[in-house]
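2 protein chains.
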Amino acid sequence: MNQKLAIIGAGNLATRVALELHNKGVEIIQVYSRTVTSALTLARLIGCNYVTKTEKITPEADIYLISVSDMAMSNLLSDVKFNNKIVAHTAGSIPMDDLKRFSTNYGVFYPLQTFSKFRDVNFSRIPFCIEANNKENEDILVDLASLLSKDVRIINSEQRKQLHLAAVFVSNFTNHMYAIAGEIVQDKDIPFDILKPLISETASKIKSMTPRAAQTGPAMRKDQNIIQEHLTMLNNQPKLKKLYSFVSDSIHEFHKLPKQ
Amino acid sequence: MNQKLAIIGAGNLATRVALELHNKGVEIIQVYSRTVTSALTLARLIGCNYVTKTEKITPEADIYLISVSDMAMSNLLSDVKFNNKIVAHTAGSIPMDDLKRFSTNYGVFYPLQTFSKFRDVNFSRIPFCIEANNKENEDILVDLASLLSKDVRIINSEQRKQLHLAAVFVSNFTNHMYAIAGEIVQDKDIPFDILKPLISETASKIKSMTPRAAQTGPAMRKDQNIIQEHLTMLNNQPKLKKLYSFVSDSIHEFHKLPKQ
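Protein chains in written order, with numbering that gives the first Met the number 0: chain C, 0 to 259; chain W, 0 to 259.
Treat the hints with care, since some could be wrong.
If several chains are the same, the list does not tell them apart, and a pair holds so long as it fits within one copy or across any two.
[What the hints assert, rightly or not] With a Cα cut of at most 25 Å, we get these calculated DMTMM-like pairs of lysine to aspartate or glutamate:
{"#": "1", "residue 1": "Lys238", "residue 2": "Asp222"}
{"#": "2", "residue 1": "Lys238", "residue 2": "Glu19"}
{"#": "3", "residue 1": "Lys206", "residue 2": "Asp119"}
{"#": "4", "residue 1": "Lys206", "residue 2": "Glu54"}
In case anyone wonders, no lab produced these hints; they're calculated from the structure.
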């Protein structure tokens with residue numbers, strides 16, 4: 000890659016993607032973030048300069064990788080001069096065409112993964128969802144993604160939005176189930192560690208089974224005695240109780256449908 | 000182990016535990032299940048006899064491992080003569096004392112894991128939760144569990160019940176999130192496979208991070224634009240929409256609390 004990159008945003012995703020690109024030899028010339036600490040931390044790790052004001056964003060980059068919320072994108076970046084260089088965002092739910100106003104060359108560079116700033120992650124199997132306004136830009140973004148991962152796909156905005164919704168269920172909601180369980184065991188002074196082999200196996204199962212075939216537990220077995228007992232245990236946590244009841248009903252419902 | 004075992008029940012858990020005990024050299028002399036196919040399948044794999052009527056349950060076993068629902072336990076097993084041999088159940092939510100009526104020697108042998116009949120699972124790290132009516136029986140059940148796993152713990156009925164509730168969240172509910180996501184991507188002809196690295200990383204993260212620290216996504220970031228868009232996408236699936244909204248609110252709530 001001869002292109003020079005600028006990274007706009009220094010959150011979880013921007014940080015991990017920028018570090019991985021840097022490690023793979025991609026030249027990153029600048030990091031922008033509103034937050035000094037975030038910009039500084041990432042820029043130091045890369046060894047490039049950083050700015051915290053959009054008017055100071057470099058005009059020298061060939062690709063601008065935008066990793067800020069869509070709110071920030073509309074409000075902060077509207078006056079930036081991207082000189083018709085490639086502007087690509089990294090978001091699941093923002094349509095590609097929202098970038099039209101910034102440049103005649105634009106696209107999407109969306110890694111389907113959960114990122115935390117200080118957690119290293121193996122990029123080689125992360126699905127990179129690429130979309131671009133023309134074949135030339137698509138090729139450039141595919142090449143860039145291929146430096147990081149073996150799984151690079153062309154995915155349109157409609158599919159990507161759907162994928163992002165699915166990702167919220169398998170990752171954000173799942174992690175919240177872990178969090179709730181953590182509170183439940185903490186209540187009886189049981190260490191959270193005891194749940195880790197179960198968490199790990201539950202995730203491993205679906206590598207070789209469908210979620211439908213992998214489902215176990217009282218809701219699946221329609222074991223009303225246990226469901227009622229669990230609901231009683233949650234009597235003093237009405238919101239959790241409602242959530243338990245709601246997800247259990249949803250499991251019932253799902254397993255009433257004919258197998259596909 | 001010189002003890003002879005009888006396995007009462009041939010569901011997912013009974014099947015995997017019995018096979019693992021058999022592989023570790025434990026002598027299993029009989030399998031009981033109401034369902035001929037289940038009893039037969041398991042008995043053949045072990046190479047022992049099977050029965051489908053409780054009155055035919057062998058009087059020869061030293062340990063009876065009971066792996067049936069609490070309903071079945073009360074209704075089916077009330078007339079079985081266990082000759083005061085050790086009767087142990089494998090359930091998360093059944094109090095140990097429910098076994099009092101069967102024998103003067105009783106206990107619990109609960110592996111905290113999700114089991115599917117035809118999926119092999121690594122037992123060595125499964126937490127076995129043991130409880131018994133006296134120290135002698137506790138030692139026997141600990142020895143039996145230690146043949147299978149390095150993680151054998153003494154857990155009382157109250158803690159075990161709490162653990163089982165937590166297990167429902169991290170395993171059954173989590174797997175249901177995978178199932179929902181599967182339906183969502185299927186809608187746009189995207190293969191479920193694309194979500195697997197994300198599922199895997201989400202589970203891996205909490206090996207070294209708390210679920211609180213690992214949380215990402217629109218609900219965590221309070222990104223109302225994306226949350227609203229996702230809710231709109233679910234307009235024709237009112238139950239899923241309610242579930243999305245409910246879990247998102249729960250994430251909000253959780254991350255408003257001060258860090259512990």
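Comparing the hints with the structure gives:
1. Within a single copy, Lys238 and Asp222 get their C-alpha atoms as close as 22 Å, and across copies as close as 22 Å, so both meet the 25 Å cut-off.
2. Proximity of Lys238 to Glu19 under the C-alpha cut-off of 25 Å is found in neither arrangement, the shortest distances being 40 Å within a copy and 40 Å between copies.
3. With identical chains, the CA atoms of Lys206 and Asp119 are at most 25 Å apart both within one copy (22 Å) and between copies (13 Å).
4. Taking the shortest alpha-carbon separations for Lys206 and Glu54, neither the intra-copy value of 47 Å nor the inter-copy value of 42 Å comes in at or below 25 Å.
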